[in-house]
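S.K.: Chain by chain, the residues run as shown.
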Amino acid sequence: MFKNYFIIAWRNLIRNKTFSVLNILGLSVSFGVAVLLCLAALFELSYDSFHENVDDMYQLYSSEQFVKGPEVSLSNPEPMAQVVKNEIPGVHDAVRYLDDSALLVKGENNFTLDGAWVDPGFFSMFTFPVAEGNPQPLAEKSHVAITKAAAKNVFGDAKVLGKTIQLLIDGEQKSFEITSILEDLPENSSLGFELVINFENHVEYENSLGQWNQKYHEVYVQLEPNMSPATFHKNSAEVMKKYLGDSIENTISQGTPPDADGNYVSLRLLPMSDRESMMVKDGLVTANHNMVYLLFGVAFLILIIACVNFTNMSIAKSVQRLKEIGMRKTLGAPKKQLFVQLWCESLIIFLISALLGIILGRICLDTFNTIFRTQVSLDQFASIPMLLGFVFFVLLITFLSGGYPAMIMSRMGTIQALKGKWDSNGKNRLRNALIVVQFCISILFISGTLILWQQTNYMKNKDLGFNKDFVISVPLSGNASSYEFIELFRNELINQPGILSVSGADDNLGYGEDGSISKSVMGFDHKGKNVKTNVLTVDADYVKTLDINLLEGRSFDATRAADSLAFIVNESMAKDLGEERPLEATIMLDSTPFKIIGVVEDYHFEELNKSIEPITLIMNPTWGLYYAYVKVAPRNLTNSYDFIEKTWNRLQPGTELRGSFLNENVDSTFR
Amino acid sequence: MLLQLNNIFKWVNSGGQRIFLLKDINLTVEEGEFISIMGPSGSGKSTLLYLLGMLDGFDEGEYHFLEEPVHTMKEKHRSNLYKEYIGFVFQSYHLLDELTVWENLEMPLLYKKIGSAERKAKVADMLDRFNIVAKKDLFPPQLSGGQQQLVGVARALISNPKLILADEPTGNLNSKQGEEIMELFKQLNSEGVTIIQVTHSEKNASYASRVINLLDGRMI
Numbered sequence: 000m001f002k003n004y005f006i007i008a009w010r011n012l013i014r015n016k017t018f019s020v021l022n023i024l025g026l027s028v029s030f031g032v033a034v035l036l037c038l039a040a041l042f043e044l045s046y047d048s049f050h051e052n053v054d055d056m057y058q059l060y061s062s063e064q065f066v067k068g069p070e071v072s073l074s075n076p077e078p079m080a081q082v083v084k085n086e087i088p089g090v091h092d093a094v095r096y097l098d099d100s101a102l103l104v105k106g107e108n109n110f111t112l113d114g115a116w117v118d119p120g121f122f123s124m125f126t127f128p129v130a131e132g133n134p135q136p137l138a139e140k141s142h143v144a145i146t147k148a149a150a151k152n153v154f155g156d157a158k159v160l161g162k163t164i165q166l167l168i169d170g171e172q173k174s175f176e177i178t179s180i181l182e183d184l185p186e187n188s189s190l191g192f193e194l195v196i197n198f199e200n201h202v203e204y205e206n207s208l209g210q211w212n213q214k215y216h217e218v219y220v221q222l223e224p225n226m227s228p229a230t231f232h233k234n235s236a237e238v239m240k241k242y243l244g245d246s247i248e249n250t251i252s253q254g255t256p257p258d259a260d261g262n263y264v265s266l267r268l269l270p271m272s273d274r275e276s277m278m279v280k281d282g283l284v285t286a287n288h289n290m291v292y293l294l295f296g297v298a299f300l301i302l303i304i305a306c307v308n309f310t311n312m313s314i315a316k317s318v319q320r321l322k323e324i325g326m327r328k329t330l331g332a333p334k335k336q337l338f339v340q341l342w343c344e345s346l347i348i349f350l351i352s353a354l355l356g357i358i359l360g361r362i363c364l365d366t367f368n369t370i371f372r373t374q375v376s377l378d379q380f381a382s383i384p385m386l387l388g389f390v391f392f393v394l395l396i397t398f399l400s401g402g403y404p405a406m407i408m409s410r411m412g413t414i415q416a417l418k419g420k421w422d423s424n425g426k427n428r429l430r431n432a433l434i435v436v437q438f439c440i441s442i443l444f445i446s447g448t449l450i451l452w453q454q455t456n457y458m459k460n461k462d463l464g465f466n467k468d469f470v471i472s473v474p475l476s477g478n479a480s481s482y483e484f485i486e487l488f489r490n491e492l493i494n495q496p497g498i499l500s501v502s503g504a505d506d507n508l509g510y511g512e513d514g515s516i517s518k519s520v521m522g523f524d525h526k527g528k529n530v531k532t533n534v535l536t537v538d539a540d541y542v543k544t545l546d547i548n549l550l551e552g553r554s555f556d557a558t559r560a561a562d563s564l565a566f567i568v569n570e571s572m573a574k575d576l577g578e579e580r581p582l583e584a585t586i587m588l589d590s591t592p593f594k595i596i597g598v599v600e601d602y603h604f605e606e607l608n609k610s611i612e613p614i615t616l617i618m619n620p621t622w623g624l625y626y627a628y629v630k631v632a633p634r635n636l637t638n639s640y641d642f643i644e645k646t647w648n649r650l651q652p653g654t655e656l657r658g659s660f661l662n663e664n665v666d667s668t669f670r
Numbered sequence: 000m001l002l003q004l005n006n007i008f009k010w011v012n013s014g015g016q017r018i019f020l021l022k023d024i025n026l027t028v029e030e031g032e033f034i035s036i037m038g039p040s041g042s043g044k045s046t047l048l049y050l051l052g053m054l055d056g057f058d059e060g061e062y063h064f065l066e067e068p069v070h071t072m073k074e075k076h077r078s079n080l081y082k083e084y085i086g087f088v089f090q091s092y093h094l095l096d097e098l099t100v101w102e103n104l105e106m107p108l109l110y111k112k113i114g115s116a117e118r119k120a121k122v123a124d125m126l127d128r129f130n131i132v133a134k135k136d137l138f139p140p141q142l143s144g145g146q147q148q149l150v151g152v153a154r155a156l157i158s159n160p161k162l163i164l165a166d167e168p169t170g171n172l173n174s175k176q177g178e179e180i181m182e183l184f185k186q187l188n189s190e191g192v193t194i195i196q197v198t199h200s201e202k203n204a205s206y207a208s209r210v211i212n213l214l215d216g217r218m219i
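Going down the list, the sequences are from chains A and B. For the first sequence, numbering that gives the first Met the number 0 begins at 0 and goes up steadily by one. For the second sequence, numbering that gives the first Met the number 0 begins at 0 and goes up steadily by one.
I should point out that these hints are in silico values taken from the structure, not numbers from a laboratory. Some hints could be false.
If the Cβ cut is set under 7 angstroms, some of the chain B residues that face chain A in the computed set are [said to hold, decoys possible]:
(1) Y49
(2) D55
(3) S78
(4) K82
(5) F87
(6) H93
(7) L95
(8) E97
(9) M106
(10) P107
(11) L109
(12) Y110
(13) I113
The model shown is predicted, which means the values in this text are computed figures rather than measured ones. C-beta atoms are modelled at their ideal positions from N, C-alpha and C, and glycine is treated no differently.
Isolated chain A (complex conformation):
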């Protein structure tokens, strides 16, 4: 009987070529898109799931009460990990983790590696398998572990294990031994690094020893299996009171309200599996899975469009099949059998489409990964539950979208069917509703696309308050003193026609070629009020180079020594200070007076969807600069860029210029 069904179904497919091709094409495309979107969603959900202890692993963050409301900090002071481990019950281990680049000196060449500065316990907590060498990396302070890919990148095919390398730390070369080689990190790891170094080697370590007010690294905690993060949170408040008593009293004296539990500072834990999708809201760090829901939702809607289309076409098509149905009934076919037969025909179309969809998805995978900046692969599908789920899903939607036409037809009266008359009384309602649904979803998608496009366009063309079109930002490699280097760079470049101005700062605008972004925040008391501001260390010509609008006062002047004790603030900062004449204000930082010499117009130094926060520019030669900024003339951009590159290669042999225009940097923040 099934053979007969199959024959009929197949011959029908062949006979109605246009119908079949249209349906299969439409369904394949939507299956392909849906498969890709679902893979991307599942990939998002799979972050960090490869760690064996993932269920007990958390990222530590502190939640602190301020007058304006609670604030969270993922950065922690040096003693935190030890205190958490020793004084809060149920903590299996706590390790410090600092993501900071490491400069590897190899003869003439320098390599900037993505470094992770961690405590030795890191490798017992996290599952990053060792490919070669000591299975317990970082046993000694001078031991380092390198990933396979980074080892190949730096040393080529040479033997790496046991090699002594030189890292430039705080201007000095120090020797380290590579004792372990790590497997390359899984794509779905939220932590990323090339070289793992003992935390105590980091340049900040010595100065921050025992200091509770310098927060600069992350802490990861592994709880005992039966411990809950809530208990941890409850127990943390007492411990924090013990170490941060002074600061808490200060907070209380400003009239800050405590949190719901009556605490001012407490520690909380973010599950490791939520780290990739974290979001800060109301003084809590939680997982934001909106993207995942959105991806699943869009995939689902696209499938619905295709299925509704299929259902409608099938119903329309079935008029041609009425005589066959009637005849089969006359020959004694029961309803159930007719239903199964018609449904099988849909099943064939859906199976072909699903298969083609997967193939289509495979073909588009690389492009998809590039456009959506994800690392999805079809291997994610290659597990039994996934495959079963997929088959079940295909059967389900086949049952729904193929089942309805099959049901209508198998219920048709015999005589009516034999006469080939379609009785459409009332039965069109569902079809009409389906068409409306289909149109609504399409309109939703089309208008969504348009709005998104306009929004992006608006953001791209919006005046950000600085010159983004003709300023190139260059991440510095950091091996020479940055001020001297920028001075040298400026002298070499400035006489070239087409180059207008050169400056530097310790942070980038948007995402540059190094893909890194940072934020420095400081807080101080001004006239009895706690003021918080972003801090940017800059070189003298920063305001001029970026064409930031100076509202009052003047910019920094390299020739005035007193300018190292001067601030330039933006409007928001001036407002927060509450000074009517900010230029006359003096701010005390650790009993050192700083004068405000200029006020600049608010500019978007962070992502566009954030409101502009207060920012203070400081010219402090003891703090390093990490980015050079070069303003070029609108003419001959390529020539200017080439010249910058040539100069760079002369000044920094063996390193690569990773410059990018600021508008590219800003565009990257939209992705």
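With chain A held as given, fit chain B onto it using these hints.
M.R.: Chain B in isolation, oriented as in the chain A frame:
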């Protein structure tokens, strides 16, 4: 006695009025009869035929088929009954265009859940009997009208029915082909198959042993 209709009424309601399709039909058919139903268009011929074939229901009256009360039967039981004992032949053949002659003949047997070997034997037998072995792999549209109707009759006969119901079986055929089909019916009848046909043609009607005339749903 093969079947018996007692006081059969069938109607439709239209605009508050009851329009009778069949009115007070009383009919007894013995096994081995050859009956023609005649009458002008709209007189209820086809309705009566489908009613006899259990494809269509009625509103009042009793229908006994082989002593069994059709009017009180469940759908499934009824379908088993006509699947077993009744074969249909249609004016426009109603062969399935996607299936070959062989597969068309096989279909009623599939629905009767007959095993593969027996199916093959029966189909081969039928092809032989109607001299269409050479056509077994062709599709219906590749055959002439007469040949298609031949296949139609063969399909009706393949499950050895007691009764063949034919709705203007020669309506789409030329006179020569029509004559052949009627001769075939006559021969089948002589072999013991009961035949009831609806026809317009006096000539075809004359093949029958009994003629029923209908007018406005009544037997006259």
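S.K.: For every hint, state whether the structure bears it out.
M.R.: Here's how the hints hold up against the structure:
1. Annotation: interface hint on B:Y49 holds; nearest CB of chain A at approximately 6 angstroms, less than 7 angstroms.
2. For the restraint placing B:D55 at the interface with chain A, the shortest Cβ-Cβ distance is roughly 5 angstroms, inside the 7 angstroms limit, so the hint holds.
3. For B:S78, the interface hint holds, the least distance from its beta-carbon to any beta-carbon of chain A being 5 angstroms, beneath 7 angstroms.
4. Proximity of B:K82 to chain A holds as hinted, the smallest CB-CB distance being about 3 angstroms (cut-off 7 angstroms).
5. Interface hint status for B:F87: upheld, as the beta-carbon distance to the closest one in chain A is roughly 5 angstroms, under 7 angstroms.
6. Interface restraint check for B:H93: the shortest CB-CB distance to chain A comes to about 5 angstroms, inside 7 angstroms, so the restraint holds.
7. The restraint placing B:L95 at the interface with chain A holds, with a minimum CB-CB distance near 6 angstroms, inside the 7 angstroms limit.
8. Taken as an interface hint, B:E97 checks out: its beta carbon lies about 4 angstroms from the nearest beta carbon of chain A, inside 7 angstroms.
9. Checking B:M106 against chain A: minimum C-beta separation of about 6 angstroms stays under 7 angstroms; hint holds.
10. This hint holds: B:P107 has a C-beta 5 angstroms from the nearest C-beta of chain A, less than the 7 angstroms allowed.
11. At about 6 angstroms, the closest approach between the beta carbon of B:L109 and any beta carbon in chain A falls short of 7 angstroms, and the interface hint on this residue holds.
12. The beta carbon of B:Y110 comes within 4 angstroms of a beta carbon in chain A, closer than 7 angstroms, and the hint placing it at the interface holds.
13. A least Cβ separation of about 11 angstroms between B:I113 and chain A goes past the 7 angstroms threshold, and the interface hint is therefore violated.
Checked against the numbered hints above, the structure breaks only hint 13 and satisfies the rest.
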